[in-house]
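Undergrad: Given next are the chains, with one letter for each unit.
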Amino acid sequence: MTPSTATRASGVTDVVFDAVGITFHSDTASTEAVANVTGTIPEGRFVSVIGPSGCGKSTLLDMVGGLLKPTKGSISINGERVTGPRKDTSMVFQEDSTLHWRSVLDNVAFGLEVHGLPKAERYETARSMVELVGLSGFESHRPGQLSGGMKQRVAIARALAMQPRVLLMDEPFGALDQQTRQFIGRELLQIWEKTRNRVLFITHDIQEAVYLSDEVWVMSARPSVVKEVVTVDLPRPRPSGTHALPRFRELEDHLWSLIKVEAEKTLGAGAQRA
Amino acid sequence: MTAVIEQRRVRRGNALPMKRKAALLRWGIIVGVLLLLEVLTRAGAISPAIFVPPSEIIWRLISIVPTPQFGRDAWVSLSTILISFVIGLVVGLALGVFLWKVPAAGRVLEPFIVTGYAMPTLLFYPVLLALLGLNAGPIILIAATMALVPIALTTMVALNAVKPILHKLAKSVNASNRQYYLKVLLPAATPLIFPGVRLGFIYAVIGTIAMEFILAARGIGFRVGFYYRELQTGNMWAYIMIVVVLSVIVNGLLTALERRIRRDML
Amino acid sequence: MSLDTKALAAPRVSARRARNQTVSDNLWRIAVLVGLFVLWWLLSLASDLVASPFAAFDALASTFADGSIYRPLGATVNAVLVGFAIAAVIGFPLGYVIGRSKFLGAVFDPIVAGAFAIPRVVFFPVLLQIFGVGVGAQAAMGALAAVFPIMVSTAAGVRAVSPLLPKLARSLSLTRVQTVTKIYVPAMAPSLMVGIRIGFSIALINVIIADFFAARAGLGLLALRAYGQLDLPLMYGVIVLLALIALAGNIALWALERRLAASRR
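Chains as they are written, first to last, in this note's numbering: chain A, 1 to 274; chain B, 1 to 266; chain C, 1 to 265.
Just so you know, the hints here were simulated from the structure itself, not pulled from any lab data.
Be aware that one or more of the hints could be misleading.
[Stated by the list, open to error] Taking CB as the label site, the calculated pair distances span: (1) B/Trp27 to C/Gln21: 52 to 60 Å; (2) C/Arg258 to B/Val102: 20 to 28 Å; (3) C/Thr22 to B/Lys101: 16 to 24 Å; (4) B/Trp75 to C/Leu45: 33 to 41 Å; (5) C/Arg17 to B/Lys101: 15 to 23 Å; (6) B/Lys101 to A/Ala263: 38 to 46 Å.
All C-beta atoms in this analysis are idealised placements derived from N, C-alpha and C, irrespective of residue type, glycine included.
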């Protein structure tokens with residue numbers, strides 16, 4: 001069952017997944033990580049991807065970012081096939097990826113610097129991004145002086161500074177403690193309300209997926225397909241009270257039941273191999 | 001979030017009094033030992049063939065330093081140190097990069113390198129003496145070899161220790177290889193490489209002075225041996241003190257630089 | 001976070017691959033040694049001042065045959081062991097104390113670090129005066145040099161010990177001595193091994209230096225005498241012997257170090 005989101009009117013700048021699959025070959029085995037993913041991410045859409053461990057969520061993200069090539073099918077952005085890293089995508093990783101020898105401002109300007117933007121322009125953009133993520137006043141600080149949550153905000157600012165067509169986030173809050181995670185999730189939405197990028201957001205946290213997104217793609221176990229696309233029809237903006245809404249609970253439960261089945265498959269397979 | 005930064009500042013503030021107390025005690029010990037030696041040597045408890053009063057050593061130091069002979073000796077030693085260090089640095093960095101790029105080489109050569117650390121490159125001094133003659137050549141070569149080993153090893157380890165996520169980051173923004181090396185890899189590895197560079201410099205100093213002493217060639221190391229053979233204990237100790245002061249200053253400067261680098265870049 | 005397919009493949013395969021890798025690594029190492037040997041041989045053909053490896057081994061072998069090697073060999077090994085022992089007796093306790101106490105560490109660290117940077121060689125004339133020519137001076141020089149790396153690595157080893165361990169010791173009501181021997185020493189063993197290995201090497205280097213001018217008998221002295229008598233093959237032979245001693249000692253200690261590290265896991 002591969003429901004497609006293509007029924008929605010798709011724009012030319014959308015991210016389009018067309019029967020995307022990838023198989024990894026090692027010296028001894030071939031593993032099909034992703035079997036068939038088809039879908040689109042239209043403008044301004046916040047899409048979360050959840051699924052059991054090892055189902056290829058990060059791999060999917062890496063493919064959109066051009067770091068991996070699909071062995072089947074293709075991914076297109078703005079009508080062009082993704083063949084490598086591009087200027088219109090940017091990534092935020094789970095692990096701290098700030099450059100510790102650079103100031104916050106220089107960190108945020110990093111992507112623009114690599115792309116060759118002149119100094120004045122990139123610092124202007126960097127400054128506004130720093131303000132956008134709520135780190136005004138910390139421009140000259142070093143990452144070593146910042147907390148984990150602040151460092152991730154720097155990473156987000158850096159990614160946003162490149163004004164990507166799609167923002168790729170690989171469990172960006174996974175390394176943070178739960179309180180910080182909820183706090184920064186709210187902040188992310190506030191920032192996103194202003195920039196409205198397309199977002200592809202990977203997470204293990206079902207609650208987080210429901211709270212943040214417009215739709216949630218539930219991946220099956222490996223070799224993975226998109227098992228179901230769950231539309232999150234909660235109103236925006238989403239204040240912290242959103243978690244208490246009954247509809248929130250419904251969506252959470254539904255997603256959990258879908259995941260449970262796939263997770264058991266994965267765990268079962270693991271137990272067999274051991 | 002500002003609270004985190006405040007916390008760190010407060011913690012550092014509380015450490016200071018202990019540092020100051022420790023420094024006081026340290027200087028107290030040093031001065032105390034010097035005073036003790038002064039008393040013992042003047043009283044004759046320590047033979048003048050072994051040690052002379054510190055006050056006399058200081059006096060001799062003051063009279064030696066302005067002399068042209070000292071200037072020449074110092075120039076020879078310092079230039080030898082610098083040349084061997086630079087050679088050791090260049091070769092060491094290159095070797096370290098090679099061992100990092102070709103991990104198999106690092107694995108294969110590890111036992112050799114581990115011993116190379118230990119192996120008295122000094123052993124080959126007679127060989128080098130035979131090959132290069134009694135000049136600065138053997139000294140520079142041996143000191144450079146001593147310097148390059150820690151530099152190469154630290155460089156290899158440092159490059160390997162750079163977080164792989166930074167490479168992924170560079171790829172994700174489509175950085176060229178050159179941009180990755182210059183903007184990411186090198187700055188990321190520098191605070192880890194620098195301790196090796198510092199050690200390399202220290203070995204260049206040690207190697208140079210030791211070789212000058214043994215080879216009885218020229219320079220400050222030579223002077224120590226010279227005055228020993230001339231039974232001029234006072235002058236000998238004056239030159240020993242010069243070596244001590246030089247080493248301590250160099251080490252101090254490099255350690256301060258290392259701390260700065262760690263603070264700004266780690 | 002990325003899919004690690006290599007880890008998914010059957011784990012049994014990696015053990016076999018590791019063994020193959022060790023075999024090929026060792027073959028490469030042998031190749032390197034052979035290469036060095038060949039290089040040496042070529043150099044000896046090119047220069048009068050370099051004796052051929054065969055002549056060197058020959059000369060060395062004959063000293064073993066006529067027994068003339070044993071006195072210098074014994075003297076050097078003796079001096080290294082005694083020097084190292086002295087350095088250990090002084091260095092381990094001092095290093096431990098400096099490492100345990102934050103305050104003492106703050107006091108003495110700069111002194112130790114500064115002293116480490118001083119070429120110990122310059123103090124050798126003094127030691128010569130004190131001990132006279134002979135094993136005493138050689139051992140003292142070795143000890144003076146080796147004590148620093150031992151102190152530094154012991155202190156570092158103590159500092160690296162998890163703070164949970166002293167708490168464990170207290171909860172078990174161990175005496176001071178028991179705490180040191182049963183808790184700290186095993187935890188610090190790898191760091192101690194590093195200190196021992198480096199200390200051995202540095203003791204060896206400095207004993208050889210001492211040989212050059214403070215010895216009645218020793219391998220360094222033997223090499224120097226051979227040079228003076230223009231017996232180049234013997235000189236090179238002795239150098240090779242010294243190198244082998246350094247290599248053997250180091251590899252043995254390094255293997256011991258690795259075994260200790262592996263057994264902890």
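Undergrad: Is it true that the C-beta distance of arginine 258 of chain C to valine 102 of chain B lies inside 20 to 28 Å, as the hint says?
TA: Given a distance of about 22 Å, which is inside 20 to 28 Å, the answer is holds.
Undergrad: Has the hinted range 33 to 41 Å been met by the Cβ atoms of tryptophan 75 of chain B and leucine 45 of chain C?
TA: Given range 33 to 41 Å: holds, Cβ gap about 39 Å.
Undergrad: Could you say whether the range 52 to 60 Å given as a hint is met by the Cβ separation of tryptophan 27 of chain B and glutamine 21 of chain C?
TA: 54 Å, holds
Undergrad: Quick check on a hinted range of 16 to 24 Å for threonine 22 of chain C and lysine 101 of chain B, using CB atoms only.
TA: The hint (16 to 24 Å, Cβ to Cβ) holds, given that threonine 22 of chain C and lysine 101 of chain B are roughly 22 Å apart.
Undergrad: Range hint 38 to 46 Å: satisfied by the CB atoms of lysine 101 of chain B and alanine 263 of chain A?
TA: 41 Å, holds
Undergrad: Can you let me know if the beta-carbon spacing of arginine 17 of chain C and lysine 101 of chain B is within 15 to 23 Å?
TA: 22 Å, holds
When held up to the earlier numbered hints, the structure conflicts with none and fits them all.
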